[in-house]
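S.K.: Those protein sequences? They're chains A and B, same order as listed.
With this note's numbering, letter number 35 in the first sequence gets 35, and the count goes up by one each step, no holes.
With this note's numbering, letter number 141 in the second sequence gets 1141, and the count goes up by one each step, no holes.
Simulated from the structure, these hints should not be mistaken for lab results.
Any given hint could turn out to be false.
Said to hold, decoys possible - Per the computed footprint, the stretches of chain A lying under chain B, defined by three or more beta-carbons under 8 Å from a beta-carbon of chain B, are:
no.	stretch
1	194-206
2	215-223
As the list claims (entries may be wrong) - The following label-pair restraints were derived from C-beta to C-beta distances:
no.	chain 1	residue 1	chain 2	residue 2	range
3	A	E134	B	L1030	34 to 42 Å
4	B	N1152	A	T284	26 to 34 Å
5	B	R1004	A	G301	44 to 52 Å
6	A	R52	B	L1145	49 to 57 Å
7	B	T1023	A	Q293	45 to 53 Å
8	B	F1096	A	Q293	46 to 54 Å
Built from N, CA and C at the ideal position, the CB exists for glycine as well.
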Amino acid sequence: MARTIHRTVALVLLSIAVSSILAVAQQPILSFFLASSQITIPQGGEALVTVRAENNSVYAAEGIEALAEIEGIAVLVEPDEIETLPPFESATIVIRLSASEEVPTGTDAHVIEMLYTYCIGEQCFQFFDDLSFELVVEPPSTIPTEIPEVVPTEPPAKPSWIRLGIVGCALLFLVVAAVLRRMVGWRWPLLGALAVMVLGGLTYGVILNQHEQAQGIGAVLCTSCVGIEEAQHGTPELTPAGIAAIASIEREIELLVFYAVWCHACPYAEAMVEMAAEHNPRITYRFIDVEEQPDLAERSGVIRSGRTIVPAILRVDTGDLVFGAEQLESRLIDLLEGGS
Amino acid sequence: MKLRNRRRIVQGTGLLLGLFGATGIGMTHLIFPGLHCYACPLAVTVCPIGLIQNLVIFGTIPFFWIGTIVAYGLIAGRGFCGWFCPFGTLNDLLAFRKVKIRDPLSYSKYVVLIGTLIAAWYFADTIFCKLCPAASIEASIPYLLLGVAKANRPFLIHMATLGVTLLGMVLVARFWCRYLCPMGAILSLFNRVSFFHLRLSTDRCTQCRACEPACPMGLVPYVDHDNHDCIKCGDCVDACKLGALSLRYGLPGRETAEKRETQE
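So here's chain B without its partners, still in its complex pose (with noise of 0.2 Å):
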């Protein structure tokens, strides 16, 4: 089966996994790897960010977050983004134009990241939920639905976040994974040292390029496999008909030191 319709299953599941509130369970004691909102109706995981930000507001230090999210970046990274969060799945589906991801803006979203938690404790208000896309679709619109909600102003400006945010991924492949996800930036952090990685094999590498414009995120997979921003998403892999690149599950860690002593 090619990679590319292993992560579509894969994906299933993680969509699975956020609806799966619709047999009846409730909310459990997990956090989601990836940016799902605790707040719709049939979600059964925490969402991280917003529970951060509440932990931020009640002064609570979050060892079971970290625990939690540290667990989350040793066991795949960034791969989470590519193969499991429902919000990057729709960011797939919509991933028409793959432009070259340009540097300085990508470290936008960790400035999301800081800015979420410095608004968060400053407002004593989880201001992040209130503009997030995800929220948009999982709890917004459900609950206009329901009859809980009313289209609002917080409505009309989750409408807008939305909006600018689908524009955007249509326009950049991954945009929001891209530039804006502060879970991305937190997974992201752990990329280099995950168990899940991208591996690339230079004997059998010829610079041919074509695994450059297969990747969503805009990266150059041949000279920069082990990339913070790789999603590990594997479609670099299916576009290099020579097996250069292959995606693992092992000891992270060990690329880098190979690579290293390459250079040395």
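Isolated chain A (complex conformation) (with noise of 0.2 Å):
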């Protein structure tokens, strides 16, 4: 009987842990919505994308930016940064795509990525929203000149409420189930329960891609997260000297930051080369998510040993790399100092 006690106060402060971990864990707490998902542009033209970011979350979200890269056609962010957006307020970014006149007409699919950070505490989360667009590229006389009015869309319904509901209800069934098992002795409720557990599970969870989502995780290397490395946090700082050794690189040099987007450490990666860039406009930079860009990582010899191994800066004209945030002041700097 004490076992049956023991066992039932365990199970019961799982179920009760797990619960609240799930109900409160951390989410993104961005909205952002297109104008329009079908934006047409003129040859040698231009038009304008607009995206409403909405927090309603009780969290400042901090370094707002659109990032998108299309063909033929220059994107001109504005502005090209939101530092702070606070709780419960909305803001509008204006994408301008300049169209050359070079770029062939038709319609294409493209994806606006919007990035964000927000902290609790110490502790700060990035996350990625993809916004998908249509780009219709048509001849300059069938363009219409008036910019299409913003309208923005319905914001999405909040599944994870609906996800939650779907697993108090198991969690019930299962604790009804096993109560009946122990009291009247009947083992097919239980069962009952388990077994629709492992497929629903199993079924929803394929539904949601939450297996390619664990693939990901598996197959990315966080170098802090397994402890390879101390977790870095926060926002880096360059010391003076490492500021003067930056600005006196007399080369052009492109980085290219490898990135996974539950990386802990890849912020603090990312936010340092952007600084570094800063002081020198010689460096520029781009930001790769290798789950999105896995050829990429794999040319750029970022997956050693099978595993893609995250942050990992690389520079591009001599194919040097830095992996982790470690100390990663001097090791960048001796990054772009290396062959010049």
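Put the complex together from the two separate chains, hints included.
M.R.: This is the structure:
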């Protein structure tokens, strides 16, 4: 009897802990809305894309940026970064597209990647959100001159509560079945509940692409996540000597910063590279999501022994790489000065 | 073939699956039914504890994880600890002192499990992975040898936890599995409903206690054959000369129902 009580208490504690964690765990805090999912642009002309960012949380979002790369079309984001979006506020980002005259006509799907961070205490989280749109390039004469009015789409439903409800119902079903087994000796309700959890969990999980998420987490080695190096949080700072060393570099250097969305040390490495570029305009950089561009990661040598290692900073002209974020300033300077 | 030898073959298979990346195959979508670090350069499966920490940090409701783990629970429960888990196999190789289990302490693995989840949420970091002795062997040391890791503070912490765990394993058989393994804690919840189970024929058992010293988990098999900590290794089956204990694969719960009827 005492053992049964112990196990029941352990199960209840576990359920409460898991439910509590699921209920309050970190979630994306911004919703993004495109004014229109189809943008029309004339050859040699311009078009505006308007993105509204809504913060529906109690936390301030920081460093909101829109990133887009479209071949043959220059992209100018205004403002290039929203430093802070306070709780329950919204902001608009305008993306000005300028098409060259040579860009071919036709319709193509493109993505605007929205990037932002937010912090709870000293812990900061970086989130990405992809906004898809169709870009229609047409001959100049057929393009209407009016810029479409910004009509925000309805905010998406919040399925997390539905999903929490599903988990809650499954747990309730399980508890009732366990009680029936214990009190009345019925085995089938418990087996049925567990079978439903297996089939339902796997089916719904696959529908939600959680198997891909699991594979992605397993395939990428986040150096700070498994204790290969110290986790780096917060904003990096360059020392005066470091700034002087970076500013004195006279070669044009392009850096690729490989990251994963869930990597804890990646925002730190990204911010360090951004700071270096601010102090020396000859340094340019691009952020590469290793899960979206695994081929580039493989070609760049970011994959070692079958694992993609993030964060990783590649100097394009020399092919030199720096992994991780520990003692990054000195290692980044070594990378930049190498071969100079 | 003796049960023990069969188990060694299956344990070898578990180890091979854990190191299947040597064939050049990449990471799969499979979750490993034991404690096996996905950061291991040769891993092709995802560590369930590492994954759930990441999902907690992300705020993902882990349907795929739940489905997989409950499936593993139903298939074998803690049988995976005894027959498949590579870290369990390491525990086995160092199981020199099969001392009796301390009941209250055996619940400490649930504390480790809950603590792992809470720490992941609170610190937004995979804290358990930074301490996990399996990761020490399967990630820290290989990456040091590959030149990716350095002998820094996280590495030394890994080595310290590994050292303490290995010492514990030598002093107490299956020390990690008994008291600390969060995956063992999860699987133990399913032990009595899993299809793979230890069966006791009460008409054959003379309560000679021959099975007791054989149990690496320090249990008393003839009294408590469906204990939540039983890893179903079968050492007690080999030790019982009367054939009172056997490992069976069948509909779960029948044993308990029969036991209840006998008691009534």
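S.K.: State for each hint whether it applies.
M.R.: Hint by hint, here is what the structure shows:
1. Check result for the stretch 194-206 of chain A against chain B: holds, 12 residues qualifying (beta carbon to beta carbon below 8 Å, three or more required).
2. Counting residues of the stretch 215-223 of chain A whose beta-carbon sits less than 8 Å from any beta-carbon of chain B gives 6, enough to reach three: the coverage restraint holds.
3. Distance hint for A:E134 and B:L1030: a CB-CB separation of about 37 Å, consistent with the stated range 34 to 42 Å.
4. Distance hint check: the CB atoms of B:N1152 and A:T284 are about 31 Å apart, consistent with the given range 26 to 34 Å.
5. Against the hinted window of 44 to 52 Å, the Cβ-Cβ separation of B:R1004 and A:G301 comes to about 46 Å, which satisfies the hint.
6. Checked against the hint of 49 to 57 Å, the pair A:R52 and B:L1145 passes, with Cβ atoms roughly 51 Å apart.
7. Taken as a hint, the range 45 to 53 Å is violated for the pair B:T1023 and A:Q293, whose Cβ atoms sit roughly 25 Å apart.
8. B:F1096 and A:Q293 have their C-beta atoms about 51 Å apart, which keeps the hinted 46 to 54 Å range intact.
Consistency with the previously given hints fails for number 7 only.
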